[in-house]
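Novice: Sequence:
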Amino acid sequence: MAKALLSRLQFQGRLQISQEDVVSLRKLLQEATLTPEEVCNAALTCAKLLRRDAGLWEALMPALQQHRADLTSQCLQKLPVYFARSRWRPAGLLELVAAAAEPRVAAFGGRGLAELVWAQARLRGRAPGLFGAIANAACATPDSFTPPEVSKAAWAYAASALREGALFAAFAKTSSARINEFGSQGLANLIWAFATLSHQDAELQMALSEVAYRRMQNFTPQGLANLAWAYAKLFHKDEVLFSGIAEESLLQLSSFTPQNVANTLWSFAKVRHVHLELFGAASAHLQQHAGEFSTQALVNSAWAMAEVALYDEEVFGEVADAASRKIDEYKAQDLSNLVWSLAQVLHYDQRALLAVADSAAAKADTFTCQHLVCVAWAFALLSEQCGE
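The numbering used here puts the first residue of the sequence shown at 4, with every later residue one more than the last.
No wet-lab data here; the hints were simulated from the structure. Note that CB positions come from ideal geometry on N, CA and C, so glycine has one too. Incorrect hints may have been included.
[As the list claims (entries may be wrong)] Capping the alpha-carbon separation at 27 angstroms, the derived lysine-lysine pairs in DSS-like fashion look like this:
1) 30 / 51
2) 273 / 240
3) 240 / 334
4) 81 / 236
5) 81 / 51
6) 329 / 273
7) 366 / 329
8) 334 / 366
9) 334 / 273
10) 273 / 236
11) 30 / 81
12) 240 / 329
[As the list claims (entries may be wrong)] DEER-style ranges, computed between Cβ atoms:
13) 331 / 89: 30 to 38 angstroms
14) 36 / 294: 56 to 64 angstroms
15) 68 / 253: 31 to 39 angstroms
16) 129 / 73: 52 to 60 angstroms
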């Protein structure tokens, strides 16, 4: 009966499943004794077609736990992926998959290993044992990963803040040799992962920048911003690459999110690649949409313009006004960077400075010595230079 019902649901598809079907399946899962094969089929069917019915998973979890050692590699690989795509995490599922997959990582190919860590990272699972076992397996056979699988796995380790130096060294070597096989998104995700974990590899960085420059028109706004951010984070100043990013960013700037704009400005300032046309267009975008920028995005944008000494009174006026309205959301570092930026370009805005002073006083115990020195310096400079 279990097999028949599952087969019918798979045939019908998600849009044709009725509430009566859901109730029947839930009851069946609670009452029936399922074989390991039926457990796998039930889990995959529920994940693919009925992902967000918590009652189904509460009914199914005991059977999954009972047959954990008998779950197929395909089931363990696909199950979390279905949920990662819908960004829903049933209680206990990731832990069960990690515990079942960890002793059997040798049974998974490159795709399976990449999807396991990708799903865990996307759903913010914490499975250091599984990640460690997969890193060891991948180091032994890095060439078993295709370029998309390398970028997916690298992204997962970086998103989970798990440093695996040997794994990334192996990924760098195989990626450098096959760099032309990566798509634009794969290139952006790969270098983002290396930068996030501060893993430098000169050969990979050079190879990737050359390919990225040739394909610049294929990058999305997010990809362009990530590419610039990664190279800035790695302290890799490539004039040709950054010129290419600037030219393509100008063409796509209307599609940039506030975070894309902020990351791009920050990156160019960090490597001191002052592309005047890009900074001008981005600052105009900031002026028009300052209220849409997050606290960090606004501060980073202001910092970038101040760092390269590009001052526009109207732009900084909008920055100061937007910051004043949201000053309670600012943390110590945000306040420090904001007032430093205003002082660096000698932009005196009494309302913003009073707001910063009040907020800083209320949060004084969260300030580091560096923050305190920076704030004191900024207020002193503005007072001296602006005659206030």
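Novice: Please go over all the hints and tell whether each is borne out by the structure.
Specialist: Hints, verified against the model:
Annotation: proposed proximity of residue 30 to residue 51 holds, straight-line Cα distance about 19 angstroms (limit 27 angstroms). Using a Cα cut-off of 27 angstroms, the hinted pair residue 273 and residue 240 holds, with the two alpha carbons roughly 9 angstroms apart. Restraint check for residue 240 and residue 334: the C-alpha separation of about 30 angstroms exceeds 27 angstroms, so the hint is violated. At most 27 angstroms may separate the alpha-carbon atoms for a hinted pair to count; residue 81 and residue 236 exceed this at roughly 34 angstroms.
About 9 angstroms separates the Cα atoms of residue 81 and residue 51, which keeps this hinted pair within 27 angstroms; it holds. A hinted pair counts as satisfied when its Cα atoms are at most 27 angstroms apart, and residue 329 with residue 273 qualifies at roughly 26 angstroms. Taken as a hint, the residue 366 and residue 329 pair is honoured in the structure, with Cα atoms around 15 angstroms apart against an allowance of 27 angstroms. Between residue 334 and residue 366 the CA atoms are separated by roughly 8 angstroms; this keeps the pair inside 27 angstroms, and the hint holds.
For a cut-off of 27 angstroms, the pair hint linking residue 334 to residue 273 stands: about 22 angstroms separates their Cα positions. With a C-alpha separation of about 8 angstroms, the suggested pair residue 273 and residue 236 falls inside the 27 angstroms cut-off, and the hint holds. Using a Cα cut-off of 27 angstroms, the hinted pair residue 30 and residue 81 holds, with the two alpha carbons roughly 24 angstroms apart. Annotation: proposed proximity of residue 240 to residue 329 is violated, straight-line Cα distance about 34 angstroms (limit 27 angstroms).
Between residue 331 and residue 89, the C-beta spacing of about 34 angstroms keeps the proposed range 30 to 38 angstroms intact. Taken as a hint, the range 56 to 64 angstroms holds for the pair residue 36 and residue 294, whose Cβ atoms sit roughly 59 angstroms apart. With their beta carbons about 55 angstroms apart, residue 68 and residue 253 fall outside the hinted range of 31 to 39 angstroms. In this structure the hint that residue 129 and residue 73 lie 52 to 60 angstroms apart at CB is violated, the actual value being about 25 angstroms.
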